[in-house]
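Chains G and F, in that order, give the protein sequences.
Start counting the first sequence at 101; every next residue gets the next number (this note's numbering).
Start counting the second sequence at 11; every next residue gets the next number (this note's numbering).
No lab work stands behind these hints: they were computed from the structure.
Backbone N, C-alpha and C define an ideal beta-carbon position, used for all residues, glycine too.
Some hints could be false.
[To be verified] Output of the computed footprint for chain F on chain G, the stretches with three or more beta carbons under 8 Å from beta carbons of chain F:
# : region
1 : 110-122
2 : 168-181
[To be verified] Computed from the model, here is a short list of chain G residues facing chain F with C-beta under 10 Å:
# : residue
3 : Gly141
4 : Glu142
5 : Leu144
[Stated by the list, open to error] Derived lysine-lysine pairs resembling DSS-like cross-links, with alpha carbons at most 30 Å apart:
# : chain 1 : residue 1 : chain 2 : residue 2
6 : G       : Lys149    : F       : Lys81
7 : G       : Lys149    : F       : Lys67
8 : F       : Lys75     : G       : Lys152
9 : G       : Lys156    : G       : Lys168
Next come the chains, spelled out residue by residue.
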Amino acid sequence: GDSVTQMEGPVTLSEEAFLTINCTYTATGYPSLFWYVQYPGEGLQLLLKATKADDKGSNKGFEATYRKETTSFHLEKGSVQVSDSAVYFCALSGGNTGKLIFGQGTTLQVKP
Amino acid sequence: EAQVTQNPRYLITVTGKKLTVTCSQNMNHEYMSWYRQDPGLGLRQIYYSMNVEVTDKGDVPEGYKVSRKEKRNFPLILESPSPNQTSLYFCASSSSGGPLGTQYFGPGTRLTVL
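All chains should be built: construct the whole structure from the sequences, respecting the hints.
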């Protein structure tokens with residue numbers, strides 16, 4: 101069945117460092133791909149999405165490109181801030197049930 | 011403000027005592043869903059509803075029930091909770107159940123079953 105694999109965390113970076121969180125997927129058909137962010141004590145918020153191959157999603161300085169050939173959707177940010185500290189989830193949605201299939205989440209901690 | 015609300019936010023209960031977690035959205039969304047979040051497993055779908063009176067099982071439906079009598083509400087019912095249902099629960103809604111729909115999540119309900 102469909103699945104999403106994220107890099108293990110936690111990831112600890114200094115402020116202004118470059119961030120990459122790897123995400124790969126297995127799916128039949130052509131899923132949509134998402135990154136959600138969960139700040140401490142809060143629900144999930146959509147960070148960005150891409151609906152077809154080679155699409156680039158971007159928001160708040162974060163970017164991810166839908167790479168069909170490598171089945172990947174890696175999250176990147178050029179300069180992280182302390183306020184980016186959160187748990188990041190990669191997810192895919194395919195088919196007609198609306199179900200999101202999530203990776204296990206990656207905790208990011210940014211130190212001043 | 012467009013939002014998904016859940017109540018209660020925190021609940022500690024005992025095995026076998028029936029409980030209901032409410033979920034309500036004010037965006038007139040047709041699609042609603044419940045997920046549970048467990049460490050190392052991400053979020054897994056419990057049940058979903060495409061519209062009023064239309065519900066279906068997700069990946070982990072055992073031990074749960076849902077109903078969708080009104081468009082805005084989608085309660086999650088645990089008839090006889092067990093300790094393995096201790097988890098963080100999220101309700102979500104979307105304007106479309108298709109692959110392009112963006113799902114909006116509630117703040118979560120942390121349930122502990124003793």
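Verification of the hints:
1. 110-122: It is violated, with 0 qualifying residues against the three required.
2. 168-181: Not satisfied, violated; 0 residues make the cut.
3. Gly141: 8 Å, holds
4. Glu142: Holds - the Cβ of Glu142 (chain G) comes within 10 Å of chain F, reaching about 6 Å at its closest.
5. Leu144: 4 Å, holds
6. G:Lys149 - F:Lys81: Answer holds: Lys149 (chain G) to Lys81 (chain F) is near 26 Å, not above 30 Å.
7. G:Lys149 - F:Lys67: With Cα atoms ~25 Å apart, Lys149 (chain G) and Lys67 (chain F) stay inside 30 Å; holds.
8. F:Lys75 - G:Lys152: 35 Å, violated
9. G:Lys156 - G:Lys168: Distance ~12 Å between Lys156 (chain G) and Lys168 (chain G) Cα, so the pair holds.
Checked against the numbered hints given earlier, this structure breaks hints 1, 2, 8; the rest are met.
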